[in-house]
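Next come the chains, spelled out residue by residue.
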Amino acid sequence: MLSRIVHIFRNLLQKSKVEQSLDDELQSAVDLMTAEKTLAGLSPAESRRQALIELGGVEQVKEECRDVRGGVLLDTLAQDLRHSLRVLRKSPGFTLAAALTLALGVGGATAVFSVVNAVLLRPLPYRDPGALVKVHGKDPKMPEMLLGLTPGDYTQVRLRFPSFSAVAALRPARKVGVVGKEETTQAAGVRATGGFFDLMGVPALLGRTFGPLDARRGAAPVAVISYGLWRRAFGADPEAIGRTVVVGEDSAPIVGVMPPSFAEPAASEVWVSSDLDSVDSSDFRSGDLTLLGRLRPNVSLARCNAELKAFRSGESSVSPELEGGVIEEVSESHRKLLLVLLGAVGLLLVIAVFNVANLQLAQVAGRTREIAIRVALGATRGRLLRQFLIESSILGLLGGAGGVAAAFLGLRVLIAGVARIIPRAAETTLDGAVLAFACGLSLTAGWFIGSFTVLRIRWVPSNNLRQGAVGSPGAEPGTQRVRYMLTALQVALSVVLLTAAALLMRSFFQLSHFDLGMEPHRALAVSLGGSSASDRDGLLRRLGAMPGVIAAAATDVKPFSGMTVVTGPIQIAGFTQPADRNPMDYTAATPSVTPEYFAAMGMRFAAGGGFPPGDPRSIVVNQAFLKRFSGGAAPLGKMLKANSVTRGPIVGVVNDTRDSDPRRPAWPTIYCPAGDSRWYAETHFILRTNLDNLEFLTGHARSIVRGYNSRIPILSISAMDKLVGESVLMDRLSAMVYGAFAFQALVLCLLGAYGVMSYSVSQRAREFAVRMALGAKASQVALLPLRQMFPFVIVGLLAGLAGARGLSAFLESQLFEVRPADPYAYLSVTILFLIAAAAACWIPARRAAHSDPLKTLRCD
Amino acid sequence: MARTKTELLRGTLDLLILKALSLEPLHGVGVSRRLTQITEGAIQVSFGSLFPCLHRMEEKGWVKAEWRASENNRKAKYYSLTRSGRAQLKAEARDFLQLVKIMTAAVESV
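Just so you know, the protein sequences line up as chains A and B, in that order.
Residue numbering for the first sequence follows the working numbering, beginning at 1 and increasing consecutively.
Residue numbering for the second sequence follows the working numbering, beginning at 1 and increasing consecutively.
Hints may contain errors.
Simulated pairs of lysine-lysine, DSSO-like, Cα-Cα distance not exceeding 27 Å [said to hold, decoys possible]:
{"no.": "1", "chain 1": "A", "residue 1": "Lys62", "chain 2": "B", "residue 2": "Lys75"}
{"no.": "2", "chain 1": "B", "residue 1": "Lys101", "chain 2": "B", "residue 2": "Lys75"}
{"no.": "3", "chain 1": "A", "residue 1": "Lys62", "chain 2": "B", "residue 2": "Lys64"}
{"no.": "4", "chain 1": "A", "residue 1": "Lys17", "chain 2": "B", "residue 2": "Lys75"}
{"no.": "5", "chain 1": "A", "residue 1": "Lys62", "chain 2": "B", "residue 2": "Lys19"}
{"no.": "6", "chain 1": "A", "residue 1": "Lys638", "chain 2": "A", "residue 2": "Lys627"}
{"no.": "7", "chain 1": "B", "residue 1": "Lys75", "chain 2": "B", "residue 2": "Lys64"}
{"no.": "8", "chain 1": "B", "residue 1": "Lys60", "chain 2": "A", "residue 2": "Lys17"}
{"no.": "9", "chain 1": "A", "residue 1": "Lys37", "chain 2": "B", "residue 2": "Lys60"}
{"no.": "10", "chain 1": "A", "residue 1": "Lys15", "chain 2": "B", "residue 2": "Lys75"}
Derived by calculation from the structure, the hints in this document are not laboratory data.
Only a predicted model underlies this, so the values are computations on that prediction, with no experimental measurement involved.
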């Protein structure tokens with residue numbers, strides 16, 4: 001063994017010495033045999049000739065000896081590598097085009113994969129996250145609603161449920177503020193039981209978390225804050241420990257800061273200790289608790305759920321059933337969005353690979369002579385195969401490196417867009433997993449391209465050598481057909497992407513031009529944190545008095561935030577509801593608004609009018625409400641009951657608006673006059689103005705709020721149309737990203753078609769020249785290659801349209817007012833594609849037809 | 001040399017060369033001549049097979065090589081068996097004889 005290793009090193013490192021020795025040995029063998037034959041009586045010259053014959057070709061023997069040397073594989077590998085690099089360097093145009101094309105494909109795939117990796121693949125940053133279960137209440141009559149648990153539910157599970165080794169409960173905390181150096185910052189917070197942090201298994205980044213001791217009965221509450229809040233409120237100052245968090249009437253000292261990745265429940269910024277564990281409650285009437293449990297080893301989620309169901313029978317609670325689920329921070333629609341995106345970049349990559357395969361086929365066709373000579377000199381098929389694979393692997397890696405660089409640059413843009421929509425996307429990094437993915441992808445792409453090329457090579461050397469003489473390198477009709485087919489495949493794939501992009505763009509266009517039922521232009525929304533009714537009325541007067549404001553109103557629900565406050569069941573005197581309805585269908589949205597709300601939003605009255613000033617009881621409903629609850633008739637003057645509270649009379653009916661989420665039709669809505677509570681978590685002012693530029697108004701509004709009471713947190717001040725834009729951000733992003741990918745696919749595909757066409761035209765240049773010399777017209781000649789190529793383009797186009805139709809179902813959830821089979825999308829893609837493809841094919845054909853036939857013929 | 005003969009030799013060439021070298025150190029041409037001699041001309045090994053085989057055995061450590069003067073005073077590369085080469089010869093010879101015995105019995109049994 002040792003002797004082998006020594007020899008391998010000697011063979012590789014002292015190659016000239018080894019070669020010299022081989023040379024000497026064969027020389028000496030010839031000498032010995034010559035001497036032998038001379039002794040036997042032959043003439044010296046004849047002896048030498050005979051000796052050489054007996055040896056059987058010095059070079060062949062040497063080659064045989066080299067092949068058995070230790071490390072021969074490494075040695076020839078190095079040779080192939082050098083040769084490949086030489087070949088690639090010699091045709092920089094091809095290398096650059098191929099590497100850039102692959103970079104585009106690999107780059108897109110890597111960027112999207114890195115987001116998928118961060119959002120979907122990386123485990124949540126908790127100890128053994130797979131064993132963590134979140135338990136919600138469920139009403140079988142409303143399976144889509146997750147209900148809060150009551151303190152009684154929690155006590156029961158904590159004391160008696162066998163499948164959990166540990167449990168904790170969370171409940172939303174109201175009125176959470178962090179007292180900073182200068183101002184109080186509003187924050188989103190929860191109260192958590194003492195076992196919470198231990199259950200999650202995450203230590204604090206700074207300071208400590210809290211445990212059962214902090215959450216004893218009678219112990220003063222303590223608070224842990226999130227990394228984001230620490231930076232926002234304290235500028236990441238370690239002095240934050242010991243400062244105060246205000247929760248309702250309580251205040252709690254901050255004892256720790258959590259690491260950035262800790263966000264359970266999603267978007268929480270403050271965790272305050274709660275003594276719920278020390279209270280055995282039998283309150284099953286109402287609750288807003290979320291229960292977290294850690295499964296005992298060997299207990300599956302399915303078993304846990306079966307046990308929860310059995311455990312629950314007999315209890316009477318607001319939530320008749322309990323159901324556990326894994327902790328997830330990414331919603332199903334986001335997951336789908338990402339996976340569909342991954343599919344799109346996958347298609348782009350495949351197109352890129354086909355494109356490079358096509359390029360390499362053309363390049364190899366020009367190298368038939370080289371291949372033929374190498375085969376004639378004894379290169380084995382395996383050796384050539386390896387050579388081509390190495391060549392394309394280098395191409396793949398070059399492309400991969402470019403792709404990673406492109407991904408690195410493009411990722412910032414992608415994350416900036418996606419992170420606002422999808423949780424955890426901000427944590428996207430190009431880590432080891434992503435780099436390994438990119439590397440594997442590049443090599444696979446390279447190998448595919450290489451093997452594809454090798455399969456198309458002819459191995460009969462003599463024939464190729466003879467053929468290769470003049471002007472028709474590798475003119476195999478078969479290869480040309482394969483290149484057309486590759487083009488057809490590319491066409492099909494790009495048409496799929498183009499169609500997806502067309503559908504999404506149409507959807508986004510619909511969405512941004514849809515009648516919202518209100519006027520988003522020339523309106524400003526001022527959102528404030530915790531404040532009282534008198535603050536609201538005082539501020540409303542001041543804001544309404546600003547120059548340029550024609551109507552001002554306040555509401556408790558932020559427009560275009562996707563939030564709706566619903567109340568139910570609704571009963572109207574004189575109308576009976578069908579009995580078999582889903583309980584959700586009995587509910588209505590119940591925003592509280594001030595009298596000028598309808599004018600400020602730009603809504604229209606269909607019947608009646610607004611609240612009479614000073615009347616705290618009259619209500620206004622929208623048309624969706626009429627349709628749902630009173631069969632379309634306008635029940636002006638009627639009273640109604642919402643959740644058993646009598647309200648009314650109904651004084652007006654307004655048009656439907658899509659002011660919560662533009663994608664959804666309007667909820668049945670009851671607009672109630674704003675009340676006079678001591679405290680509101682959020683108040684939103686709507687200011688209708690006649691100014692085009694809202695910048696001045698924004699600044700003015702800010703200073704008015706500051707001047708009124710600097711302790712009221714300003715959540716945001718933004719133009720209404722900006723809020724609309726943000727609410728359809730995901731759709732815009734999808735449309736843009738798909739549009740970009742589809743555009744790249746189109747360009748790649750057209751370049752591919754152009755390349756194939758140019759090549760086939762250049763091959764037939766002589767034929768065209770002869771035809772033209774014999775009197776064919778230029779236009780006739782130009783049509784010849786087109787006629788050959790276009791059937792493939794058409795077949796690809798049709799296959800692509802069919803494929804797009806099949807795959808468009810995946811997009812359905814993202815489409816707004818556009819059917820997956822939308823004929824306009826398919827038609828526009830077809831027309832666009834035909835024009836582009838015709839141009840890509842026509843240019844080279846025309847060039848050939850317009851060249852001087854005499855010149856072409858003389859060339860040979 | 002006929003192709004079929006080489007094929008036949010493939011497994012046994014190592015053994016033959018080890019055997020040829022077991023008597024005294026030889027150079028490449030010497031090995032060829034010795035093989036012709038001990039097989040009474042039945043087997044002639046081409047140098048294209050012989051030299052690679054010798055080199056492979058050298059890398060395996062079965063033979064070692066040194067340059068010295070030949071009988072008629074020319075420089076030549078002489079191969080001689082190492083200790084592990086002798087062990088290899090013994091093992092291969094035993095295996096081969098066993099194979100021959102089995103094959104003979106099998107072929108003659110009908």
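Status of the hints after comparison with the structure:
The hinted pair formed by A:Lys62 and B:Lys75 meets the criterion: a straight-line CA distance of about 19 Å does not exceed 27 Å. Distance check on the hinted pair: B:Lys101 and B:Lys75 sit about 42 Å apart at the alpha-carbon level, beyond 27 Å; violated. A C-alpha spacing of about 19 Å is found between A:Lys62 and B:Lys64, which places the hinted pair at or below 27 Å, so the restraint holds. Between A:Lys17 and B:Lys75, the direct Cα distance comes to roughly 17 Å. Compliance with the 27 Å bound is thereby established for this hinted pair.
Distance restraint check for A:Lys62 and B:Lys19: the Cα-Cα separation of roughly 24 Å lies within the 27 Å cut-off, and the hinted pair is therefore satisfied. About 15 Å separates the Cα atoms of A:Lys638 and A:Lys627, which keeps this hinted pair within 27 Å; it holds. Note on B:Lys75 and B:Lys64: the hinted pairing holds, with a Cα-Cα distance of about 16 Å set against a maximum of 27 Å. Distance hint between B:Lys60 and A:Lys17 is fulfilled; the C-alpha atoms sit about 19 Å from each other, no more than 27 Å.
For the given pair, A:Lys37 sits about 33 Å from B:Lys60 by alpha-carbon distance, which is inconsistent with the 27 Å threshold. Distance check on the hinted pair: A:Lys15 and B:Lys75 sit about 22 Å apart at the alpha-carbon level, within 27 Å; holds.
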